[in-house]
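Chemist: As a plain string of letters, each chain reads:
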Amino acid sequence: MRMKSVLTGAITALSLMTAAVPAARAEDPVKVGVVIPLTGGFQSNGRQINAALKAFVATHGEKAGGKQVQFLVKDDGSVPDNALRISQELVTNDKVSILTGFGNTPTALSVAQLSKRAKIPQVIMVAATSSIMKASPYMLRTSWTIPQVASAIGKWAPENGAKKFVSVVSDYGPGKDAEEWFAKTIEANGGTVISKLKVPLANPDFAPFLQRAADEKPEALFVFVPTGAGAAFMKQFVERGLDKSGIKVIAMADVTDDDLLNSMGDPAIGVITGGPYSTNHDSPENKAFVEAFKKNNDGMRPNMVAAAAWDALDLIYKTLDKTKGEADGDTFVEAAKGMQIASPRGPISIDPDTRDIVQDIYMRKVERVGGELYNTEFKTYTAVKDPAAQ
Amino acid sequence: MMSVREKRQSATAEAVRSVMKRHGRWSRLEIGFWLIAVAAWFLLPGEHLILTEIVIFAILALSIDLVLGYAGIVTLGQAAMYGVGAYASGLLSIHVTGEPLTGLLVAALAGALIAFPTSFLLLRGADLTRLMVTLGVAAVLHEIANQASWLTGGADGLQGIAIDPLFGTFEFDIYGHTGYAYSLVVLFILLLLARFVTASPFGYSLKAIRDNPLRASAVGIPVKARLVAVYTLSGAYAGIAGALFTQTQQFISLDVLSFQKSADGLMVLVIGGTGYLYGGLVGALAYELIQDALSSVTPQYWQFWLGALLIAFVITGRDRPRQLINSISARISRPRQPGRLDAVTVADKGKPT
Amino acid sequence: MPDLLKIDALSAGYGKATVLHAVSMAIEPGQAVALLGRNGVGKTTLLNTLIGLTRHHGGTIDLDGADLTRMAPERRVEAGIGWVPQERGIFRSLTVEENITAVARPGKWTLAAMYQLFPRLQERRGNFGNQLSGGEQQMLSIARALVLNPKILLLDEPTEGLAPIIVEELLAAIRRIVRDEGMSAIIVEQHAQQILAITDQAIILDRGAIAYSGQSQALAEDRQTLSRFLGVGAS
Amino acid sequence: MLTLLFDGLAYGMLLFVLSCGLAVTLGLMNFINLAHGAFAMAGGYVTVLMTNRWGVPFLLTLPIAFMVTAIAGGLLEKALYCRLYDKTHLDQVLFSIGLVFIAVAGVDYLMGSQQQILNLPDFLRGRFTVGGIGIGVYRAFLVVVCGLLAIALQLILAHTRFGSRLRASVDDRRVARGVGIRVNVIFAVTFAIGSGLAGLGGALGAEILGLDPTFPLKFMVYFLIVVSVGGTSSMTGPLVASILLGVADVLGKYYVPSLGGFIIYIVLVAVLVLRPHGLFSRAA
Amino acid sequence: MTAVTLETRNLTKTFGALMATTDVSFRLEKGARHALIGPNGAGKTTFINLLTGVLKPSDGSVMLEGKDITALRREGRVQRGLVRTFQINQLFAGLNVVESLALVINEREGQGWRWLKPAFDAPGIDDEIAGLLSDFGLDSVFDQPCSALPYGKQRLLEIALAVACRPKVLLLDEPAAGVPEADRKEVMSRLAALPADVSILLIEHDMDLVFNFANRISVLVAGALFAEGSVEEISKDQRVKQVYLGGAAHA
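Protein chains in written order, with the UniProt record's numbering: chain C, 1 to 390; chain U, 1 to 353; chain S, 1 to 235; chain P, 1 to 284; chain B, 1 to 251.
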């Protein structure tokens, strides 16, 4: 018993030693931990985020709400365990006040507990599974949610003549979300999904799935596979001659990722996707964004991940401005709620109830514009909330 | 004449007894190691998270050492037991009780339960076959966990794990204070147990099998049954490592069952050296610290330098760390050159912290 | 006549075990030597040492002016050693013909000459090494060594485990090679009388050292020495 | 159905070209080379770089990919690999994993982490129909090229002096040396050719398997499966194993998509439990 | 007056079409010093492998002290007292001499499954090990690893490991093979001092050793028993001479 109290005492002492956050002084910088996948399966997301960070700091400087903002970038290797450990260290050792980044859903979820317990705002830049927001009250999101996009597609498709679908999605959380919400909305709008195929995430060859899909004789395929795999998918789609068989591809934006679109070449032309952002979105905000991004990153083309990262940083800056540099979890999240931003992708806001993003979702078509391939927007669904959260 | 012979024999017996007594005795280096590990809790409160991770990694490597270092089975599938242990303890905390020690027990059982049937698949075949079979089993389990998302949360990870305070008192804090102390104690107990096991008749029969399975069976050792037994034991160890991970992180993703986990475990053990129980510890410590250092210098390309280090390490000879430790240990046990000894102890102290 | 092969104080073995203890001998060109001794006295080890497959512990080997002592086996073959290993060592996934052509080096011993020497090999030229009978394997092994066109042939128990009629056939072939064609050779054999009849010199090894060295013919008649070192009958 | 079989065949053939070098390395030198996939990746990048950036015709890049990786393989063998033949399997595994790390990070640094997309010439795109079976032009090309390669390899192995010397070295290294075969040279050349083939496989496979810096890690397991299921005692084993794997994978994913990921592993474990040395091992 | 400890009845082993062992009926008497000789390739190794359970016979049976052990596995036969040594040393390279002997003794005493008690705690184990060490001249190297021993000592340990199993039947496979001349005498005298109640089957090429050691000899030729008798009988047997000297047709 005495042993126990001694131990308790020791732990308390240690906790006080390490945990006691010194009273914020004006000259203390606000530290922001950026946990992103620079290696491993999702490294292309990490690359875009890193580039966006560079561009953002170059244009907006390192001050917000009267304080120095300091970014600490860490690689989680696309592994949730690492993301968690790195975030913990950022919080406990480096004393960051805000965590951001998170290149996929599992890494975002792994940190949710920490964010909740340590009351650290966690600003999601990419992870798109709907349920994430419930995992911590300090979660904010500037990317998009899968149901947001999938339901928009589900609404658009039957209105425009495609009713009979086969869905092909990658076999992981977001894939299942996409499949579910697409089916839900299209069935509510008079269409059907006659077959649902799940493709293993680490799948080298789409041939059998494409064949299976074609054999079901749908009017169109609904497709969601991660960036990169999308290119392979489209190529094999064309290679099978499915483009000539009258089967259309209507996909989530990831499939025609702006980052890779140019190298995808002709097979991508004509593909219809739904998504939150296109590099050639026509607005002054976007022109400025694309220019800043390219200038700071050797002409690299930003994609929707870059836009979301940019907006996350913008949100952090604007919120700090509002709180005068106060980054305490409750204050920060409260201030961020309802925030409206003129984003490169159009107007966005943070839903005060769900802390999730509200934004326009666009239907786009791949076209050749001035020698380059772009997703050209042709229809807008304005101010779409995450349908799964309602 | 008989008495001369008897005298000689009793002198020999005395010598034999002295050899025997040497076994199981704690070397100064070992004691020093543990003192430093405990001291780290007080002196390095900011490093408890990475230390916890190192300790868990070390237990995983220790479980591999039991089969590889002591029974000669190479495996690339230890994540199977590690992951099942992790999920078992996680699910237990969600559905039954969040009491951590029960979680450890259940995880040990789960790990052993997976390892036991698997071990029968390993009785035939050479290194490559065993590597591939263990890898295959782990891959199948990984896929099952992925598919059974209603149970495991699939690729998104298992949500809602809540671990009760240890002994009802010590909360698992986000700084890892409790976590490090807890896992260090578990590691110590497991290592103690492993020390007993490896110094037992059973342990020696494993070493015999590792060194020469043909001769082992020719002196009456039931080779297959012993391999099944030790693989099962190692499964329990791996399961406990998995449970510790779950409990200290309060989160599980599919990565606990990944090939990467198995490969890292094996790599760490091989770096630290097999067959003396501390290899996993040394390897985990070195590997994590190097990786941490490299990835903070170059977050995107640290793998390059890690690879270069690995190659250099193999080319210059993998026995080196082991030899170094042996020689340090020998010098500490026989402190004849005080001047040099100081230098060694200081250098040694600098390392594991 | 200068010696073709000269071995001086050669010690060798496997790992730590020394099997050969300071063996010295010399062979003139065209000479055939019978290497006799009971099982396990180091006859095979001596041949393996000459081809370079044991651990060298001391001494030198000189073949026709070339120092073989530290050479790799494949270099020794180039220097002129033709080896017929114990248990034949036929490459099982090669055909009979490939077993020969894969290693052949230019010279008077050609594939055609081999088929002339062993007509049975020609009959089975397309068969794989693992489809041959023991006798055929032995013929192939000898042929494979001959097409290296070596200066000296090392034959390790060429008649071991074979039926008497095959033994006759093989010994006849060996006689032609060493007697009619003048090939130098060291032949390890258990059938002492038969091999003494077709060799010039004989050496008896005992426990890794040379116990007897002399004319084959003389040894063939020296029943006492034979039974002392080889027989079961005396002690 | 037949279309699927054909797809599986193409996939399997590709796997064969990718992994046959590994089979020889393992069979001949008993060397576990986990870095085999790095050579495949190198070949893939050579082709992508040349076709996309420098406009070299795709077909011309294939032999170049082969040559470049073969030379790289040969040099590495002389510089590093040869030091590890006498070391334990664990050393070899650690060493080759180190090489993989270097390759992954190095390519990331030089080429970026994104998926590389190969632009095929027009005549390899599209599809034709023969007797009701729809066949992708590129897959047909793959089957032809890989088939020819397999036949060529078989011919080289079976009907050249080099081939018989190689087989002899695999059969019995000791006796091979004792009858004058320079096993070390044979091995260096074989290693280079095996690496070259991997490079060629990477170049051919960039279209179907995708290409990014993690390629060697992603496919390492596939190569090992081919080799351990097929055995290392002949070329037939890995060939049959590759095709079996390709076809089983494709059919499995078509008919039971939900089991997609399992099938190869279950096949792997089953084969190895029943035949620990692979399907085509000789009885010991 | 002479009980049979080990017996084979019509033991036969075929590999495909090859008859490696043909219809061997062999008896080893209690306390025997029996030698098995024969030319290379006569099937001695196959015969030992059949006795020890490495190979399963195609036909026939192996009896130990009247009990059929044909179906028993290797370790089962050892536990019943049928123990062998190897022609090429088979030691536990990573263990030292005392450890090697201790583990064998523990195994013999049925302690092999004890996993928490120290390996050296069995009562009397130290004295027994000390006895073995001095019996086999290993006192001077008792704490050295097996792999570091001089060859002659390794050879002695090879035998000591088998003796530590307390065999009823001991199969010695060329115990003097590769032993340097200097150490040869020691090996031979240690063999001569083996306990009298142990039945020994010696497979050996060294005829000096055979004649000094054995009181009975069996000759195996082409997988079948060719002759058997006392040392005198065999040494005078013309047919045996011919098998060894060769040239049967000409002599």
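Hints were generated in silico from the structure; no laboratory data involved. Among the hints, a few may not be true.
[Claimed, not checked] Simulated DEER-style distance windows between Cβ atoms:
| hint | chain 1 | residue 1 | chain 2 | residue 2 | range |
| --- | --- | --- | --- | --- | --- |
| 1 | U | Ser10 | P | Thr88 | 41 to 51 Å |
| 2 | C | Phe378 | P | Thr129 | 27 to 37 Å |
| 3 | C | Thr331 | U | Ile36 | 51 to 61 Å |
| 4 | S | Asn130 | P | Arg161 | 45 to 55 Å |
| 5 | U | Asp319 | B | Gln144 | 44 to 54 Å |
| 6 | P | His159 | B | Gln144 | 25 to 35 Å |
Glycine is no exception: its CB is placed at the ideal position from the N, C-alpha and C atoms.
Chemist: Which numbered conditions among the earlier hints are violated in the structure presented, ordered from lowest to highest?
Modeler: Violated hints (numbers, rising): 3, 4, 5 and 6; every other hint is consistent with the structure.
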